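Colleague: The opening position of the sequence shown corresponds to residue 77 in my numbering, with each subsequent residue numbered one higher.
No wet-lab data here; the hints were simulated from the structure.
Nothing here was measured: the structure is a model prediction, and the numbers come from that model.
Glycine residues also receive a C-beta, built at the ideal position from the N, C-alpha and C atoms.
One should not assume that every hint holds.
What the hints assert, rightly or not - Straight line, CA to CA, 20 Å or less: simulated SDA-like cross-link-like pairs of lysine to any residue: (1) Lys-387 with Asp-365; (2) Lys-392 with Thr-373; (3) Lys-329 with Ala-438.
As the list claims (entries may be wrong) - DEER-style ranges, computed between Cβ atoms: (4) Asn-183 with Leu-129: 27 to 37 Å; (5) Leu-179 with Glu-417: 54 to 64 Å; (6) Met-418 with Leu-260: 17 to 27 Å; (7) Leu-260 with Thr-178: 15 to 25 Å; (8) Thr-373 with Asp-105: 45 to 55 Å; (9) Leu-179 with Asn-377: 47 to 57 Å; (10) Glu-349 with Lys-259: 52 to 62 Å.
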Amino acid sequence: MPEVNIRHLDKIYDGGVQAVYDFNLDIADGEFIVLVGPSGCGKSTTLRMVAGLEDISAGTLIIDGKDCTQLPPKDRDIAMVFQNYALYGHMTIYENMAFSLTLRKENKEIIHRKVMAAAEILDLKTQLNKKPRQLSGGQRQRVAMGRAIVRNPKVFLFDEPLSNLDAKLRGSMRRELILLHKKLNATIMYVTHDQTEALTLADRIVCMSMGHVQQIGKPIELYEKPANTFVATFIGLPPMNMFEGKIEGGHFKCDLFDYPLSAEQGKVLAGHEGKQVILGVRPENVTRDGHIDLAITNNENLGMNTLVHGKIGGKKIVVCKFAEWCNYKAGDTIQIGFDPEMMHFFEMPQKDEKGNELPGKAIR
Numbered sequence: 077m078p079e080v081n082i083r084h085l086d087k088i089y090d091g092g093v094q095a096v097y098d099f100n101l102d103i104a105d106g107e108f109i110v111l112v113g114p115s116g117c118g119k120s121t122t123l124r125m126v127a128g129l130e131d132i133s134a135g136t137l138i139i140d141g142k143d144c145t146q147l148p149p150k151d152r153d154i155a156m157v158f159q160n161y162a163l164y165g166h167m168t169i170y171e172n173m174a175f176s177l178t179l180r181k182e183n184k185e186i187i188h189r190k191v192m193a194a195a196e197i198l199d200l201k202t203q204l205n206k207k208p209r210q211l212s213g214g215q216r217q218r219v220a221m222g223r224a225i226v227r228n229p230k231v232f233l234f235d236e237p238l239s240n241l242d243a244k245l246r247g248s249m250r251r252e253l254i255l256l257h258k259k260l261n262a263t264i265m266y267v268t269h270d271q272t273e274a275l276t277l278a279d280r281i282v283c284m285s286m287g288h289v290q291q292i293g294k295p296i297e298l299y300e301k302p303a304n305t306f307v308a309t310f311i312g313l314p315p316m317n318m319f320e321g322k323i324e325g326g327h328f329k330c331d332l333f334d335y336p337l338s339a340e341q342g343k344v345l346a347g348h349e350g351k352q353v354i355l356g357v358r359p360e361n362v363t364r365d366g367h368i369d370l371a372i373t374n375n376e377n378l379g380m381n382t383l384v385h386g387k388i389g390g391k392k393i394v395v396c397k398f399a400e401w402c403n404y405k406a407g408d409t410i411q412i413g414f415d416p417e418m419m420h421f422f423e424m425p426q427k428d429e430k431g432n433e434l435p436g437k438a439i440r
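Take the sequences, apply the hints, and build the full model.
Modeller: Have a look at this one:
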C-alpha cells in the first residue's frame, strides 16, 4: 500500500464559504487514519477531495508519489465505502461485489477469484447468492467493503460507514474493521463523528473543528495530552470537566474552590501567575480524598463503574467516574479532589480576526 501526502488543502465553495483550511497530513504505508469531529467540521469534505468527488480549491494531493490533485476519481486508484451501502438491490451479493471489475471487463476467472477471496475475508461466502434486502445491516456494510476490496485499490476511504448501525452492531463491526486492516495491511482514511470509533480504530487521529485541524496524533496522545480545550472536551466520554480560574501564589483559585498546585504544576504555570486559565479534569481523575464539596444530583451505574453527577457551589455541574458501584442519593454530599498527575491547564480562548473564538491552548 502507498503513502498519501496532503499539502495545504483548502476547500472554498461558491460565495466564498470556506469548509477546509490548510489541511496537511502525511499518511504512511498501511496506516489507519481517522478524521473525527462534529458535524460541519470539514472531515467528510476533506475525504471527498481525496476521493475526487469534490474539487480541490488549493493545495496538493500526492498518492504513491503521483500528483492526483486534478485527476478524476477513476484515475486515483482509490475505493470509497459510504454510510448508506449504495448496493444494487436487483443484483446478488456476488454481482454487487464483482460490479466494478465487470465494468472493467476483467477476466471472469480473475473476477471470481477476487470475489471469493474477499468473501472469505468478510465471512460472506454463504451469502453470495442472496439479494441485499435479505441481509442484515452489518452484512450489507461488509458487502460494500467487499466491493472495495476486490478492486485492490491503493487507498481505502470510509465515510461514516457504521453510523446507520445499532450500538451492538457498531461494536462488532469495529472489531471486524480492525481485523480487516490487519489482514489487508491497507492504507485507510476513515471519517466519523464518533470518538469511540476514532479511539478504537485509529493508528493516528486527526481531530477537526470549523474546517481546521486541531490536533494530529495517536489516540492516547489526544486523550492524555489534548492540544487545546476543543480536543480536551471532544475526545473522552463523559467530557472533561472544565473550570475557569486564576493562578495565584501556587494555587488555582476560582469562585468555587481554592486548589493548591503541586511543585511540578507550579513550575509549568510560573509564567501565568495572576492570569486567567482553565483547569481541566477528566471524570475518572476526580478523586474522593479532597476538600471540595460536591452535592450529588444522580448516579449512573454502569456495572464496574459509576458516573456520579453533582454540583459545586450549587451551580457548577461536575461528572465523576468511580471504579465501583455507587449508591449515592440526590442530596448527598461528598468531598472530591483531583489526581495531580492528570490535571490539565489551558490558556483562555482567544478570537481570530473574524471574531471566531479559538480554543484555549494547552499549557505545558
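Colleague: Now tell me, hint by hint, if it's right for this structure.
Modeller: Comparing the hints with the structure gives:
1. Lys-387 with Asp-365: 17 Å, holds
2. Lys-392 with Thr-373: 12 Å, holds
3. Lys-329 with Ala-438: At roughly 18 Å apart (the allowed maximum being 20 Å), Ala-438 and Lys-329 satisfy the hint.
4. Asn-183 with Leu-129: 27 to 37 Å: At roughly 29 Å between Cβ atoms, Leu-129 and Asn-183 fall inside 27 to 37 Å, so the hint holds.
5. Leu-179 with Glu-417: 54 to 64 Å: Given a distance of about 57 Å, which is inside 54 to 64 Å, the answer is holds.
6. Met-418 with Leu-260: 17 to 27 Å: Since Met-418 and Leu-260 have Cβ atoms about 37 Å apart, the given range 17 to 27 Å is violated.
7. Leu-260 with Thr-178: 15 to 25 Å: Given about 22 Å between the Cβ atoms, the range holds.
8. Thr-373 with Asp-105: 45 to 55 Å: 50 Å, holds
9. Leu-179 with Asn-377: 47 to 57 Å: 54 Å, holds
10. Glu-349 with Lys-259: 52 to 62 Å: Because 55 Å falls inside the window, the suggested range holds.
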